[in-house]
Amino acid sequence: MKSFATFGNELYTGERSYNFVGKRKIWFSIAGIAVLLSILFPMLGGGFNFGIEFRGGSQFTISDVAHKESALGEKAVAEAVPGTVAVVTNIAGSTMQVQTDRLSDDQTLRVKDSLKAAYGVTEEHITSTFVGPTWGQDVSRQAIIGFFVFVLLATVLMALYFRTWRMSIAAIIGLLVVMVVTAGFYAASNFEVTPSAIIGFLTILSYSLYDTVVVFDKIRENTADIATSTRRTFGEEVNLAVNQTLVRSINTMMVAVLPVGSILFIGAFLLGAGTLRDLSLALFIGIIVSTFSTIFIAAPMYAWLRQNEPALAKQAKKVQARRGAETVDA
Amino acid sequence: MARTGPTSTARRTLLWLGALIIVCTLAVGGGVLSGAVSSWAPKLGLDLEGGTQMILAPKVEGGAAITSEQLDQAVSIIRQRVDGSGVSEALISTEGGKNVVVQMPGVPTTEERNLIKASANMNFRPVIVSTNAPAGAVPEASRTPADQLPKPAAAPLNASDPNWVDAALMQSFEATSCIAPTTPLPTVTDPSKPMVACEAGSGVKYILGPVEIPGKWIKTASYGLQPGAQGVTTNTWAVQLTLVKPEGAQAFKEVTQRLNAKYLTNRDDPQARFAIVLDGNVISAPASMAVITDGQSSITGNFTEASAKALADQLKFGALPISFEIQSDEQISATLGLQQLEMGMLAGLIGLGLVVIYSLFQYRALGLVTIFSLVIAGILTYLAIVLLGWAENYRLSLAGIAGIIVAIGQTADSFIVYFERVRDELRDGRGLIAAVENGWMRAKRTILASKAVNILASLVLYFVSVGNVKGFAFTLGLTAVADLIVVFMFTHPTLQLLARTKFFGEGHHFSGLDPKQLGAVPLYRGAGRFRTPEDSPDFSKSKNARAAGEAERRQTIAERRLAAKQEQMAGSRVSGSSKSESSDDSKESK
Numbered sequence: 001m002k003s004f005a006t007f008g009n010e011l012y013t014g015e016r017s018y019n020f021v022g023k024r025k026i027w028f029s030i031a032g033i034a035v036l037l038s039i040l041f042p043m044l045g046g047g048f049n050f051g052i053e054f055r056g057g058s059q060f061t062i063s064d065v066a067h068k069e070s071a072l073g074e075k076a077v078a079e080a081v082p083g084t085v086a087v088v089t090n091i092a093g094s095t096m097q098v099q100t101d102r103l104s105d106d107q108t109l110r111v112k113d114s115l116k117a118a119y120g121v122t123e124e125h126i127t128s129t130f131v132g133p134t135w136g137q138d139v140s141r142q143a144i145i146g147f148f149v150f151v152l153l154a155t156v157l158m159a160l161y162f163r164t165w166r167m168s169i170a171a172i173i174g175l176l177v178v179m180v181v182t183a184g185f186y187a188a189s190n191f192e193v194t195p196s197a198i199i200g201f202l203t204i205l206s207y208s209l210y211d212t213v214v215v216f217d218k219i220r221e222n223t224a225d226i227a228t229s230t231r232r233t234f235g236e237e238v239n240l241a242v243n244q245t246l247v248r249s250i251n252t253m254m255v256a257v258l259p260v261g262s263i264l265f266i267g268a269f270l271l272g273a274g275t276l277r278d279l280s281l282a283l284f285i286g287i288i289v290s291t292f293s294t295i296f297i298a299a300p301m302y303a304w305l306r307q308n309e310p311a312l313a314k315q316a317k318k319v320q321a322r323r324g325a326e327t328v329d330a
Numbered sequence: 001m002a003r004t005g006p007t008s009t010a011r012r013t014l015l016w017l018g019a020l021i022i023v024c025t026l027a028v029g030g031g032v033l034s035g036a037v038s039s040w041a042p043k044l045g046l047d048l049e050g051g052t053q054m055i056l057a058p059k060v061e062g063g064a065a066i067t068s069e070q071l072d073q074a075v076s077i078i079r080q081r082v083d084g085s086g087v088s089e090a091l092i093s094t095e096g097g098k099n100v101v102v103q104m105p106g107v108p109t110t111e112e113r114n115l116i117k118a119s120a121n122m123n124f125r126p127v128i129v130s131t132n133a134p135a136g137a138v139p140e141a142s143r144t145p146a147d148q149l150p151k152p153a154a155a156p157l158n159a160s161d162p163n164w165v166d167a168a169l170m171q172s173f174e175a176t177s178c179i180a181p182t183t184p185l186p187t188v189t190d191p192s193k194p195m196v197a198c199e200a201g202s203g204v205k206y207i208l209g210p211v212e213i214p215g216k217w218i219k220t221a222s223y224g225l226q227p228g229a230q231g232v233t234t235n236t237w238a239v240q241l242t243l244v245k246p247e248g249a250q251a252f253k254e255v256t257q258r259l260n261a262k263y264l265t266n267r268d269d270p271q272a273r274f275a276i277v278l279d280g281n282v283i284s285a286p287a288s289m290a291v292i293t294d295g296q297s298s299i300t301g302n303f304t305e306a307s308a309k310a311l312a313d314q315l316k317f318g319a320l321p322i323s324f325e326i327q328s329d330e331q332i333s334a335t336l337g338l339q340q341l342e343m344g345m346l347a348g349l350i351g352l353g354l355v356v357i358y359s360l361f362q363y364r365a366l367g368l369v370t371i372f373s374l375v376i377a378g379i380l381t382y383l384a385i386v387l388l389g390w391a392e393n394y395r396l397s398l399a400g401i402a403g404i405i406v407a408i409g410q411t412a413d414s415f416i417v418y419f420e421r422v423r424d425e426l427r428d429g430r431g432l433i434a435a436v437e438n439g440w441m442r443a444k445r446t447i448l449a450s451k452a453v454n455i456l457a458s459l460v461l462y463f464v465s466v467g468n469v470k471g472f473a474f475t476l477g478l479t480a481v482a483d484l485i486v487v488f489m490f491t492h493p494t495l496q497l498l499a500r501t502k503f504f505g506e507g508h509h510f511s512g513l514d515p516k517q518l519g520a521v522p523l524y525r526g527a528g529r530f531r532t533p534e535d536s537p538d539f540s541k542s543k544n545a546r547a548a549g550e551a552e553r554r555q556t557i558a559e560r561r562l563a564a565k566q567e568q569m570a571g572s573r574v575s576g577s578s579k580s581e582s583s584d585d586s587k588e589s590k
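These protein sequence lines are chains A and B, in that order. Be aware that the first sequence starts at 1, since it is given in the UniProt record's numbering, and climbs by one per residue. Be aware that the second sequence starts at 1, since it is given in the UniProt record's numbering, and climbs by one per residue.
I should point out that these hints are in silico values taken from the structure, not numbers from a laboratory. Be aware that a few hints might be false.
As the list claims (entries may be wrong) - Which bits of chain B does chain A cover? Going by a derived footprint, with three or more residues having C-beta under 8 Å, they are:
hint : region
1    : 334-344
2    : 347-361
3    : 417-424
4    : 434-446
As the list claims (entries may be wrong) - Part of the chain B face toward chain A, derived, beta carbon under 8 Å:
hint : residue
5    : Leu-225
6    : Leu-398
7    : Ala-399
A virtual CB, placed ideally from N, CA and C, is assigned to each residue, including glycine.
Make a model of the complete structure from these sequences and hints.
Here it is, written out as structure tokens:
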């Protein structure tokens, strides 16, 4: 893998450079469109597909069934509680899932017995879940509180650490883009939004800011002596920092996405719907979007927020002047 | 000395880490041997073990928000009910400051479920019959024959009237056992009818008359030391009960008048007593020693401070009945639990395997350091989970396992940040030993700052969240801490030592730190030729004096003057790092 190391070297020296900061208009436009689509889509397309935890209802999971026919389950439910419509799906392997409206305790037991008989399994193989209609809301309300508390505290933490609130602002804007786009993806793909997916969302918060802090720390290091340097303008220094950490960003994304991808694979194909799939799906998208957002949104945003500061504008002129002089010399 | 300094520090740090792991292992091992910990495996949550989990939201009558005190009461009520129903190993906890979570192995019967979620009910009933001692069921042979069972001759005059006791009630009284094995009694009873009840704890068996004071007439209750006749505090604990005026006080006056009359004729007459009944259980049955006219009474007995407080709390609960609304009710089969556990572990192993392959691919031999670091982080996390399962009854859930798997990537990132910084230093032409030290100085800050974000996120999630989110946040935070320990106590010291080996120090092709491959330009190329600024790679601000010196060499005269001036102003700063930070401060505080 010589080429990747060489790639890293060239990025480090500035020999190879991608213009993340300079072309920010393009990136911001793309992000703007993505955000707009992510907001419009749920509004026009009927919104999110909320899981049973949000709608309320009863759900049965039957493992190790002999026959995978949905009709068996539908008939069993209709026999146990006449008038109840069941949605029966084969979620993965030999696991069936039966969802109904909310059933009372007695009804739940009757349906359970009936399903046991229909699919020829024992008590050990059947799982039932009853969810009140407010449980999902409860989870999401707490999640929203968590979101705001975290964003607020993280903003303060970053402002203190980097000693500039502009980095906090840029990082939070990058984070918001990630959240909105990931949510939009959920709406567009019609994946079920469950409390597990909400956990995934909240983890993206942590991952996204984490990723941004690593890149911003390099930016802070590169631009620490900007006032006395005539080598590069502020924007160029920021861009160099992003390029120098590009290998890290790619490696980090890969290393983060690989385990999440394996949970996604296991969750989606071997275990069927459930905690693992819902959680890892949100994370999978979120991690990839986060990496792009840090590079294409947060860092250029920071450069843009600061470039018009008088001291930095003056420094940029000095750099231009020196370059002009060099051209004349040459 | 410059060489032995870091080496011995590195060795010492590694020894400390070894000691930490050994101490934790011994703690777990000791626990297993002494029987305090059941096994080396962490405790598993219900979604992995199978069982029932009910999340109940307590609701106070009138829709007021529930206080933490009421939540604690709700937990103790449910605990009493669950323990009373004979379910073993039930775990009852609060969550998010507003929910009660009941977890138990197996599947409870419909009766048990109804019992758990029923709204609690407190009231006062007069005692008609009392065994006055712990009592089991009367043996079949010695039970009252059918023809001798009481046949009430007249309609009862008041709630204490023995005419309430009919044949059926007497039979049920005799068949009931209040000592182990206790007879389950209904928790919901008709307030207008007499009932058979047990006093939890003492095992005394009663027949009680109809309800005379419903719980809603209790205004408040408190406890304290009983004031004596001269206003001097005695050593007797008492519970003060205040009833709602006028209906509560009026009813209590009538009751105490009747009961006190009996008390005055015979102090030991069971009918001189009234029972405080919660959920069909008698929690206290004091005798009426005085007529209470103003609804303010004081209950004395053999109270300790704790038991007085418990009774006062229960009475207060009666004043505000709590009902429970089921938020979610899951019965997870053991099969599904096992399947989820297996799949979770499989996902973790695949994820770990992929990370290992990627690390070796990217970092060659250095990738081995990553793998060992991950293994140590894994061991620390595992030990912490087992120890927490022991000390705090922490149970690993599927979401928790997902948190650990997700953390593999975030843990590995600390090493990536570090290794990339070391590579950057090598690219600048530094020797490996110096590159490791400088790279570490710079990576350390980044790692600390970024891990702070992670830990902050876990803390916030842990404290505000409900349900599965909590378990997830917990493991995520735990692994972030384990990661910090590992990167500081293992990865860095190991790299310090490795930098001094031939394989890494000479930059073997497969070491992952080959300067040639990294395009390094040595500072000194022999024959007195130093590299010139033109062919040098970009210089970056570094944290050590040497790098600062190097940067200084490249400065223009004007820059150098400015730097000198800054240094003067900043006082006696020596190192380059503090200089760059001071300029950082002054610039960005504008």
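| Per-residue hint verdict: Ala-399(B), partner chain A, C-beta under 8 Å | Result: holds, 6 Å to nearest chain A Cβ.
| said: Quick check: do three or more residues in the region 417-424 of chain B have a beta carbon closer than 8 Å to a beta carbon of chain A? | reply: holds (count 4)
| Holds or violated: Leu-225(B) as interface residue toward chain A, Cβ cutoff 8 Å? | 42 Å, violated
| field | When the least beta-carbon distance from Leu-398(B) to chain A is tested against 8 Å, hint result | value | 5 Å, holds
| query | Are at least 3 residues of the region 347-361 of chain B within less than 8 Å of chain A when you compare beta carbons? | reply | Check passed, 10 qualifying residues.
| Checking C-beta pairs, does the region 434-446 of chain B have three or more residues closer than 8 Å to chain A? | With 3 residues close enough to chain A, the hint holds.
| request: Between the region 334-344 of chain B and chain A, see if three or more residues pass the 8 Å beta-carbon test, and mark the coverage as holds or violated. | output: Check passed, 7 qualifying residues.
When the structure is compared with the earlier hints, a violation turns up for hint 5 alone.
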